[in-house]
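Asks: As a plain string of letters, each chain reads:
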Amino acid sequence: MAQFRGVDYLLIDSMLSEEELLVRQSVRQFADAEVMPLIRDCYREGRFPTHLIPKLGELGYFGANLDAYGCAGMSSVEYGLLMQELERADSGLRSFCSVQGALVMYPILTYGSKEQKDQWMPRLRTGSAVGCFGLTEPGFGSNPAGMQTTARQDNGGWILNGEKTWITNGSAADIAVVWARTPDGIRGFLVEKGTPGFTSSDLHGKMSMRASVTSSLALADCRVPASAMLPGAKGLKGPLSCLTQARYGIGWGVIGAAMDCYETARQYSILRTQFDGKPIAAHQLVQEKLAWMITEITKAQLLALHCGRLKDQGKLDPAHVSMLKRNNVGMALECARLSRDLLGANGIMDEAPIMRHMCNLETVKTYEGTDHIHALVIGERVTGIAAYK
Amino acid sequence: MKILAAIKQVPARDSQLRVNDSGTWIEEPDTSEINEPDAYALEEALQLREKAGGEVVALCAGPESASQTIREALAKGADRAIHIEDDDLGRFDSLGIARILAAAAATEQPDLILTGLQSDDLGFGQTGVILAELLGMAHATIIMKVEPRGTGIRVKRELEDGWFQNTDLPLPAVLTIQSGINKLRYATLMGIKKAKLKEVRKLTASGLGVAVEPSVRLERVFMPQRTKQTRMIEGSVRDQAAALVEALRHEVRVL
Ligand SMILES: Cc1cc2nc3c(=O)[nH]c(=O)nc-3n(C[C@H](O)[C@H](O)[C@H](O)COP(=O)(O)OP(=O)(O)OC[C@H]3O[C@@H](n4cnc5c(N)ncnc54)[C@H](O)[C@@H]3O)c2cc1C
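First to last, the sequence lines map onto chains P and D.
For the first sequence, this note's numbering begins at 1 and goes up steadily by one.
For the second sequence, this note's numbering begins at 1 and goes up steadily by one.
FYI, nobody ran anything at the bench for these hints, they're computed from the structure.
This list has only true hints and no planted wrong ones.
Here are the simulated DSBU-like pairs of lysine-lysine, each with C-alpha atoms no more than 35 Å apart in a straight line:
1) Lys196/D / Lys315/P
2) Lys55/P / Lys198/D
3) Lys183/D / Lys55/P
4) Lys55/P / Lys2/D
5) Lys194/D / Lys55/P
6) Lys299/P / Lys194/D
7) Lys202/D / Lys183/D
8) Lys194/D / Lys117/P
9) Lys196/D / Lys299/P
10) Lys114/P / Lys198/D
11) Lys196/D / Lys114/P
12) Lys117/P / Lys196/D
13) Lys51/D / Lys2/D
Cβ-to-Cβ under 7 Å is the rule here; a few derived chain D residues that face chain P:
14) Gln68
15) Arg71
16) Glu72
17) Tyr186
18) Ala187
19) Thr188
20) Leu189
21) Met190
22) Ile192
23) Lys193
Derived Cβ-Cβ restraints for the label pairs, each shown as a range:
24) Gly277/P / Trp163/D: 47 to 55 Å
25) Gly6/P / Trp163/D: 36 to 44 Å
26) Gly123/D / Gln29/P: 18 to 26 Å
27) Leu236/P / Asp79/D: 42 to 50 Å
28) Asp79/D / Asn155/P: 51 to 59 Å
29) Glu288/P / Asp87/D: 41 to 49 Å
30) Arg337/P / Asp79/D: 47 to 55 Å
31) Lys194/D / Gly277/P: 52 to 60 Å
32) Arg220/D / Gly6/P: 30 to 38 Å
Glycine residues also receive a C-beta, built at the ideal position from the N, C-alpha and C atoms.
Please put together the full structure from these sequences, using the hints given.
Replies: Structure follows, in structure tokens:
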């Protein structure tokens, strides 16, 4: 495939600043040169390209929108463009950065004590430490309020018991942000790798997010000091506020996956000939699919850009983010399916990136609030009636 | 060591080029990028600074939109920049551009000026060399490697047929850098943020006292014209063969 030059039907680039364009260009160069050549093998072999972690840190991709401890202090749109270019390579790479930044660094910076920040922020920023976020449990996915993991006070510390599952980077993490029920409501704890009673095991057999580590965490009478609790986070609001950050990034990220599928299909349809040597792109049915995709990608770009500007003005609320996440993930998944169709048999091979994106996007549709749950958030916003239960 | 890296913005490699209405140059392309060999010159400058200390100043003559390329240089680590802003540099020839750059460089007293060996758009390969002559500095072209050595530098030049030359130069000097000699760094997000705060000094050609008096003029820019001609070669078989070889060698240049 020819070098990726972006997808910009509606001159949306004209609404981006010089810095924003430079961020996108720089991440694009990195992804094209350092990730694209190896991502297919990583996906096949079911491994994350761990050798990239220090580089990702050096380039400022961890906690890029945070403005402390040497983080890059990117604007929301710059951060979004970073996510877009990473996910154009692979959702697993974007997930890694989402978890590290939005789900681990963000809560430590926002809710952590000075000691917690001093200890972890510099290491997480450079990638010398990896973090994970443990909210989901085997029995509680969409409804984390029901969680059964508990923390009880004992001898000036806390004792954690329970199981977390579907945890991105679980076994790779030096530090886990674990959410547990206390007599005081839900609280967050920083649990270090190797703490007695804390173990992890990887989930095998994934047909999606294969270039990302997903694990279960077990906490069996796991004792942590009092200083391990995040002092500023009380109740489910804590983890949910992290998810809002990560979902915002996903809303941008999936545009990248959609672009990669669309561009692959567009180029292919011009080169591939059938019936009297005519390019398949010359057929109206094929053009209609391309027209649908570019229109939906463009709408998704506008939605993301608008949400980004709102976020920087402090006006973006979680119900907005639900629309962004739900719409854009659905759009990307449909683009992947249509693009696969346009490549015919070639579309099912991992030579093309499309099936990989499609499979990844099935996870993205589910995690960080399923498509349904976000529909219910939007529904609640417009009716005033909560329909979750 | 104070190093100037002279960089130029050119149309991106696969951008759609359109000749302007007057047929004198191309319209401003949708996407531009740093001239490829200049990117390596900048990288070499940054690496030399890391080894020997000092300062890297990016020097760019170009339209307002070249600020994108300047910003990239600052984001990658140049300490500051000089932008000689001009929307119609086509009025100047290589000598004129070199005069502008020389006038700007003279305000800095650099130890070393690095630039690409040629530009991807015009491809004259002249600017760096003329710049050195105007400034009265030592110069060397098609540089593969630069090492500080005593009070001067040792460079490796690419010659033809896989031959190289290692030679010492005194400072100050001008080097024109070959593409691909080092690994280009990516601008870090922190670098991009910091670039906003770095100084960009704006100059103009007239402010530098450089007049427009080209001795070389670009007559016309046009897309390659495809023409098909058939020429019958007459004469004896021997003469025909000789004429054919002659034509293939000197006109078509395929032999
Ligand atoms: C690869 C991967 C990585 C992940 N990484 C993490 C991580 O790092 N940390 C973490 O904590 N979690 C992580 N998750 C878990 C993820 O957030 C959950 O899978 C998600 O919240 C959905 O929960 P569930 O799988 O239990 O599905 P369920 O909640 O059981 O949902 C199943 C189906 O029922 C529907 N449903 C449920 N309730 C309702 C309702 N009220 N109304 C309508 N429909 C409903 C859902 O929409 C869905 O279609 C990850 C998941 C995957 C696949």
